[in-house]
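Could you put together the complete structure from these sequences and hints?
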Amino acid sequence: MASKVFIGAGAGFACDRTDAAGPVADTLASLPGARFLIFETLAERTLAQSQLDRRRDAARGYNPALERFVGPVLARCLRDGIKIIGNFGAANPSAAAARIQAMAHAQGLRAPRIGVVDGDDLTALLSPAELAARETGGAVLRNATEIIAANLYLGAEPIAQALDQGADIVVTGRVADSALALGPLIHAFGWKLDDWGRLAAGTLAGHLLECGSQITGGYFADPPFKTVSGMADLGYPIAEIDPDGGMVITKPAATGGRVDRFTVIEQLLYEIHDPSAYLAPDVVLDITDVTVEEVAPDRVRVTGARGKPAPETLKATVCVDGGVLGEAEISYAGPNAAARARLAAQTIGERMNRRAPGLVFRVDAVGVVSVLGDAGGALARPWASDPGDVRLRFAAQSKIAAEVELLLDEVEALYCAGPAGGAGVRKRLTPRLASASCLIERKYALPRVTLTGGSP
Amino acid sequence: MTARTVRLYEIANARSGDKGNRLNIALVCRDPAHYSAVARHVTAERVAAVFAGRKPSRVVRYDLPKLAAFNFVLDDVLEGGVNASLGLDGHGKSLSYLLLDIPVQIASQPTVATCDSHVNR
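Sequence lines, in order, name chains A and B. Add 108 to a position in the first sequence, counting from 1, and you land on the number used in the working numbering. Add 212 to a position in the second sequence, counting from 1, and you land on the number used in the working numbering.
By construction, these hints were calculated from the structure, which means they are not laboratory data. Any given hint could be a false lead.
[Unchecked claim] To give a feel for the contact side, a few chain B residues facing chain A, derived at Cβ under 7 Å:
no.	residue
1	R227
2	N283
3	L300
4	G302
The C-beta atom is built at its ideal place from N, Cα and C for all residues, glycine as well.
Shown next, in the form of structure tokens:
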């Protein structure tokens, strides 16, 4: 049984920095004991996108950045016994495993033993109507006839099983993000699956690590109030976990960023709703009694996670076709730019009202009111000042692509038929996936663990 | 002791997170001494008023006194969420700064302007 477990995070989202894992792997290699490197690369929508990739090509459907994430650290991890766990398998974990084998071969490495975890796909188990009946907090699935992707959030047990069976690398599809850390802890410490206190601590470790640099100075800097040095070289986090579930969060030496009570508390509460009941597949985590204590520079001790029995249902993310999103932009600059931009927006309103009266579209004036939105009608009120450089943005979404294209064409037509000096039109049409959350009975959770490649 | 008014961003940190059409904003006091003043001024009702343009269906504040922090949960404020919003910020990542713009009254003593680590470097 391990006396301490070290878990580093190599990525916190699908488009994260691909050179971040290197310093984490190097640091793990210098530490004694059980060491794991986790990659969290699946957002709510990413998996459905991967499902579409797989439909186009049966050998795809895993995270397209897999090689860029794993390639640079594969040799080091295999040589030093650092196990890699990643949900970069997305919609096709076995294809991702095959790709990693090919990478190992190309790098002249031994064939790794790879555990593939799947069984998160619900599309063969539940019909669109049955999924719609289980939707919570919305009605995206009402009347849906075709499901693009429906994936359960599996727990940590299959990951622990794959490691028990000697896996060097574990590739999963949809699992709870925190399970990427809890799985190794169950494996290394032999934690029982009803030891709610420890499962809660492991879930907390996973929660703190799962967004990578968001606990080491990313998504944080706001000088002069919140300063972060070395933003271009943020060190990604490492958790040092004791058998009782207490942990220290730190980062590799000689990297940028900061780990202190402020970065840790912000991440502790990130995407949390009720702090006394954070629902994970394996346990309900209560963080209301958590203590965060700085014990040394860039070392923060986190204790006090409490656990309650696992919820009876599991969350699933279900995606259906959402039509297309169209966006078009045009700029007005110099004296009286605001008045010309307003006239342009008004002209598009009149044209669209005539040509596609049913289409709802949104107008933003970048530089005046855009990100915080026009929900309160701020765009329509007199602008406080004329910024002299206004970029109008029009956006609409529909199942009828032609309607959306009409809006984009109307914006482009402003070049000649709009106010003076209309400049720099850009148009973009993006396929959209609508997503819903469902609560699914546990009997539909049928995780599978398959070992491939080298011998244990 | 006299009181003075500051914008929340002068004394507190905040971070947005999203799940579907639900937004949470963690609010962390840089100096735990400000916790009770923030608790008094930054109520769920006050936050609901600040976000009124987004028509929240429910706003709940959870208090975390051991961390000198609060967690605000706002339902149905993300225009359907990242996969449905027509806006530029479907995640609501910028919205923590809407909260940080709230003025609060605090006791008129020196405040912690920055949030440096308590541990010497």
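Taking the hints in turn, this is what the structure says about them:
1. R227: holds (4 Å)
2. N283: holds (5 Å)
3. L300: holds (6 Å)
4. G302: Violated - the Cβ of G302 (chain B) stays beyond 7 Å from chain A, reaching only about 10 Å at its closest.
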